[in-house]
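Let's have the full structure, built from the sequences with the hints guiding it.
Protein chains: 2
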Amino acid sequence: MAGDSDKRGGIDLGGTKIQAVVVDRGGEVAGQEKLPTPTDGGPEDVAEQLVAALRGAADDAGLDAGSLERVGIGSPGDVDAATGTVSAARNLPGWEDSFNLGGHVRDAVGIPVAIGNDVDVAVRAEVELGAAREHRSALGVWWGTGVGGGVVIDRGLWHGRGAAGEIGHMVVKRDGAHCPCGRRGCMEAYAGRKAMEKRAREEHDKGRHTHLFKLMHHHGRDRLTSGIWERALDHGDELAEELLDRAVEALGTGVASACNLLDPEVVILGGGLGDRLGSRYAEAIQAEMGEHLFTDQDPPAFAVSELGDLGGAIGATLLGAGDEEGSP
Amino acid sequence: MAGDSDKRGGIDLGGTKIQAVVVDRGGEVAGQEKLPTPTDGGPEDVAEQLVAALRGAADDAGLDAGSLERVGIGSPGDVDAATGTVSAARNLPGWEDSFNLGGHVRDAVGIPVAIGNDVDVAVRAEVELGAAREHRSALGVWWGTGVGGGVVIDRGLWHGRGAAGEIGHMVVKRDGAHCPCGRRGCMEAYAGRKAMEKRAREEHDKGRHTHLFKLMHHHGRDRLTSGIWERALDHGDELAEELLDRAVEALGTGVASACNLLDPEVVILGGGLGDRLGSRYAEAIQAEMGEHLFTDQDPPAFAVSELGDLGGAIGATLLGAGDEEGSP
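In order, the protein sequence lines correspond to chains A and B.
Number 35 in my numbering belongs to position 35 of the first sequence; there are no gaps in the numbering.
Number 289 in my numbering belongs to position 289 of the second sequence; there are no gaps in the numbering.
Check each hint, because a few of them may be wrong.
[To be verified] Derived contacts from chain A toward chain B, CB cut-off under 10 Å, selection only: (1) Glu44; (2) Val151; (3) Trp158; (4) Arg174.
In short, the hints are calculated from the structure, not lab data.
Each residue gets a CB set at the ideal place from its N, CA and C atoms; glycine is no exception.
Structure follows, in C-alpha cells:
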C-alpha cells in the first residue's frame, strides 16, 4: 500500500537511459535499475519504461513500488512541477508537445510523484551531497545527449523566469555548426552527444575510418552511447579523438564565457559523457577554459560530479520533500 | 568644511569622459561637470581630473566641493572598495598597476570617499531609480569603450568571487577577432569602442573611405567618441554603419548567450554607445538576440538605460550610504 515503506524512489530520465533508485531515510541506495530510453514510440512508451525502471529498483530493494513513500522524477524538456506536465522534450521520441508524465506515473504506481528538471535535480544533488557541498556558488555543466546547466547562487538553483541554465545554447561560434535546437554555433552543436553522433555518421558516410559504429553494433546499441565513445578512445580511434577534442574546445569556451559572467566558486562537470569521460578530459577542459577566462590567474575550482551515474536519480529522491519547488 | 552641506557628490570615471554630479538629499541633480579623461600621463593625472570635475560640479551647484557630505566614485578596473585602490584599469592611461584613487581624492578634497565598480554603480542606479526598478532580475550591458555587464539577482548585484559581470569577455566567436584584453573572439573584440576604433583605423589605413577621422579632427577629438560614431552614421558613412552592424551582431549574440544562462526579466543597455545609439539599434540588437535566444517565443524585456549619460555619476552618489559594500 502507498506509504507503507519509509523508502523513496527517484528516477532520472535521460536521452539514452532511465536510471531509477530506491533510497532509505538516510539517503543510502537500497535498490537500483537501469533501462534504455525508448528510441521510438512516444511519451506513453517512455512513461511505461519509467514505471518499469521504478518497479525494478523497488524489486531490487525487496519491496513493491506501490509501497514507496513517494517518487521524484528528473526530466528533460520544459517541466511544469505544479501539474506534472513535460513539454518539448526534444531528445525523447515524439515528445514535441505536452504530456502529463507525473500523472501517468502516479496513476500507474499509486504513489505521490514530484517532478523537476533533470539537470536541476542532478545539480541539486551535487550541492546537497556531492562536489558543491562546500561551496556557495557553482556552475553545473551536464554533458550528455545535450549540454545542460545549473546555476547555483547562494546554494540555491537560479531559475530566472523559468528557463535559466541553458548553457548548451550559449554561442561559442557565430555562424558555426548547426545545433539540434535549430540554431547555429551553440556549445551543444559541438559538444552534445547527439550532435557528435550526427557528425561522426557524416564523416563515416564520407568514407572516414572509425571503430565507433562497429563498436556500437558489437555492443548491441543503436546509438553512440558514452560507453561506446569511451571504448573507441581506448581503441585509439582517430575520429572519436578528433570529435571529442572539438567537443572539449567548445565546452572550455562556453564554460569560460559563463564563468566570466557569473564568477562561480566551482564548476561541476556531470552528465553521461561528463561522468564517463570527465576525469579523462578535466585537464584539457580547464586548459581550454584558461584561454578565455577573465580570471585565468585565479580560476574557479573544477570538479567532476561526485555522485556520478546515480546522481540524477538520487537528486530526484530529494524532490517533493515539502517546501521546495519540485513538490506537486 | 567637510560635511557642512547635505549634498553628495558622484563621479563616473569612463574611458572617454569623467562625469561628476552633485545631488541633494532627494537625489535631484543640483550641479554637474563633464571633463575628458586624460589620454596620457598616469593615474595621478586621472585622479586630478576627477577632483577638477567634482569641483566643477560643486561650483555649478553653488557650493565648495569640500563642504559635500561625501563623494562616490564609479571606476573601471579592479576596485577594492575597502581600501579605495584601483588596479589594472586597462582603458585608462598607464594604469596597469594599483593606485589608491579613493585616498587621493579624499586627501585632495577633504571629504569621505566611497568607490565601486563603474558598471555596478551604473546598473545599481537603474535598479534603484531607472529601467529595472520594476524588475527582480536584470542583465545590464554597458556598451562603451569596453563592454561591461551587471548581473542583478533578486534586485541585488551578483559579484561571484568578485569578478562577475564580465559580459564583454564572453566568447561570441572561437578563434575570432583579437580583443584589447589579449584574448580572442570576445564580444568586446567586435562591440567595444576601443576595438571598433582600431578596426576603423586599419580599414582607413588600407584606403577605405570614411568620414570618421575627419569628423574626429573637426570636433577636436583625439579618438572616436560615441558622438563621432553617431555623426558618422548621420552622414551615411558606410564604414561606420558596417562596424556598428558588426558590433550589433556580436552584442545580440553575446547578450542572448547570457540570457540563455540567466533568463533575466529585463536587459538594460547603457554605457557611452548604449546611451547614444541604444534606441537607434534596440530593434536590431533584439532581432540578433532572437537568432540565439532559447526563449525566443518569450524574450526578456529590453530597455535602454533611463538615467542615460548621468546614470553612472548618479549611481555613484548612492555609494557609501552605510550598509553596502561600497563603503570604505
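Now for the hints, and whether the structure bears them out:
1. A least Cβ separation of about 26 Å between Glu44(A) and chain B goes past the 10 Å threshold, and the interface hint is therefore violated.
2. Annotation: Val151(A) was flagged as interfacial toward chain B, and the flag holds, the nearest CB pair being 7 Å apart, inside 10 Å.
3. A least Cβ separation of about 7 Å between Trp158(A) and chain B falls short of the 10 Å threshold, and the interface hint therefore holds.
4. The closest approach between the C-beta of Arg174(A) and any C-beta of chain B is roughly 5 Å, which is under the 10 Å cut-off, so the hint is satisfied.
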